[in-house]
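Visitor: Please build the complete structure, drawing on both the sequences and the hints.
Chains as they are written, first to last, in the working numbering: chain A, 1 to 362; chain B, 1 to 217.
Keep in mind the hints are simulated off the structure, nothing from the lab. Watch out, some of these pointers could steer you wrong.
Stated by the list, open to error - Derived DSBU-like pairs (lysine-lysine); straight-line CA-CA distance at most 35 Å: (1) B:Lys86 x A:Lys347; (2) B:Lys44 x B:Lys205; (3) A:Lys309 x B:Lys205; (4) B:Lys86 x B:Lys64; (5) A:Lys347 x A:Lys320; (6) A:Lys320 x B:Lys86; (7) B:Lys86 x A:Lys224.
Unchecked claim - Okay, the calculated bits of chain B under chain A, using three or more residues with CB under 8 Å as the criterion: (8) 73-82; (9) 109-121.
Remember, it's a predicted structure, so these values are computed and weren't measured experimentally. Don't be surprised by glycine CBs; every beta carbon is placed ideally from N, CA and C.
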Amino acid sequence: MPDAAENISSWTDASQEAELFSNEPEWQHCYGPFAYYEYAQDQACVRIPSGTVSGRYKPSLDPQSEDVTTRRSERIRSILATLLEAAEQKEICSSILTKLKGGLLSKHFDQWASFADEELTWSCEVEAQVDSGDVDTVGEELSQWTSDQLLGGILDPQSESDMPRLREMILLAEDTGITREQSALLAPWLLRFAERNRNSDDLQDAVVVWSAIRTGASMLTPDKANQLLPLLEPGHAIETSLVAVKMLGRIFEAQPPSDVDCYPALAHEVRAILDSLLNRYAIATSQSAAMAQLAIYALAAMACSEIRKVVETVRDLGVKWFTRRAGRDLRDLLQIWSNRPVPAGHKPRELLECALQALTAG
Amino acid sequence: MPASNLTSERQRLSRFDIVGSYAENAIRFVRHVGLFNSDIQMVKANDDVSAVHMQPPLIDKPMKAHVVGRVPLTNEDVQEIAAWIKGTTDEYERSKATDKRRQYIIDPPWQDVRDPNTGVRRYRRYSCAGFVLDSHLQVNIELLQLDSQALPEVDRETITSAYFGSGRHPRSLAMFGLQGDGPWRIVLPGYVLHALNRPSDQIRKQPYRAQRGNERF
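Guide: Right, dumping it as structure tokens:
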């Protein structure tokens, strides 16, 4: 079979499909959710889960060949191979196209039925629902890695020389069960990575930086929560303070403090965020309102005694929904603390109850 | 009633009204729901409307509208839901760059993913209906009774034919929380529309108990 890339003369996207057909095309089944339609001897389109790709190709066999089955088989294979090649070149390649490529190019059309793997078919169908604007996807090889391999790969001194692969590994770490010992090594590395890369102008880095903060922070015990301090700083290309303040709240909700005012440096920074956002103008925008809510939650969860003053300010703002939200968050926190294996100390619980009363007083 | 099928006649939609899409291969089976995310707009059947929805991933991108429903929400409710969405979307941005299915779960309709050692939350997995239900819980509106015994049984065939075409996919079903051969008591998107197909004051007062057949609307 000739190289698929040589067959491409032009490719159009799904939006131009209507121009190709005067009538509804009669789609032919070829594999799983894939279908094809040849609208001329050398022109075809292939319907894939995320849309339709159409274009011109060079038939690889003599169209007058008497072996109809072989001709059809080779032609469809040629179309699909060309599609995959074009999809890759246009960087619209989704994970499922990548998975299919090896199988399609190495098998005869007549064997595709036996090639069909039910999970693969399922994946194709699910892909029909998902965003077609894919960027990198986790490679098959990485998804099979153990936590040891993943840890080794991320902590490798040379890991940042291959950023696409490192991005994949960091994203995968968020879904991987990591032991306590591994977490002790990985958490500070992830948080430092986030700090080093938050000025990146590469859009793909934002999702990785945020994921690194969530994963790294989720591994922290309260005595290590100070590692999030640098990430509370505003003014970077990738905004990290919202994720950092959110994770602070989650650290202390899951691992409640035994006493009040144990984390003064963190409390000071979170209070600074609240000082700038607790006004009617700022919370009129959803981004600032979200940040303020998360900061209130974090301050309450670390049992900073300033929470009483903060909720009084919230109450005095007179923004009903914002006050209602703060109240619900604080009640939820109290409930979560009650259900933890090691519940919050008496003083933090008392502080939280006082804050709730202050919020509803007057 | 605040829920209806869209027709060629335009209907007015407001921010965070609920929009549903039908499955292609099953009559009136609501396959997908999301939150309308635009200022007031007149919409008719088959329009692509701006929406926040768990596709997966959770995205702010147009979806096909066949059915709509609303509580309706107050302006304050809308502000609160908007702030909640802003505070959670970083958790879903990542799924554009990784396996989107990891963010998706059918049973339960949402579930927190936590660090196994500390118990600290990392992100929340959702079904499309789960995301819509959770968004309304943020403003104290409990649309559906979610305890499993209150939900009707749904068999494997219903799920696979409406969502994923025919076939049996035990490994993938398990990935979405559906263990064994079923039937399962799970939340389907159509239930959300039926929950909204009641007088407004009732919607806020009492969560709806889904009935067999409510997957269609």
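Visitor: Compare the structure with each hint and give your call.
Guide: For each hint, the structure was consulted:
Between Lys86 of chain B and Lys347 of chain A, the direct Cα distance comes to roughly 32 Å. Compliance with the 35 Å bound is thereby established for this hinted pair. Simply put, Lys44 of chain B and Lys205 of chain B have alpha-carbon atoms about 30 Å apart, close enough for the 35 Å limit, and the pair holds. As the CA atoms of Lys309 of chain A and Lys205 of chain B are separated by approximately 34 Å, the hinted pair is consistent with the 35 Å bound. For a cut-off of 35 Å, the pair hint linking Lys86 of chain B to Lys64 of chain B stands: about 23 Å separates their Cα positions.
About 29 Å separates the Cα atoms of Lys347 of chain A and Lys320 of chain A, which keeps this hinted pair within 35 Å; it holds. At roughly 19 Å between alpha-carbon atoms, Lys320 of chain A and Lys86 of chain B fall within 35 Å of each other, so this suggested pair holds. The suggested pairing of Lys86 of chain B with Lys224 of chain A holds, with an alpha-carbon distance near 27 Å, which does not exceed 35 Å. Coverage of a stretch by a chain is defined here by at least three residues with a beta carbon nearer than 8 Å to that chain's beta carbons; for the segment 73-82 of chain B and chain A the count is 5, and the condition holds.
Counting residues of the segment 109-121 of chain B whose beta-carbon sits less than 8 Å from any beta-carbon of chain A gives 9, enough to reach three: the coverage restraint holds.
Hint violations for this structure: none, all hints satisfied.
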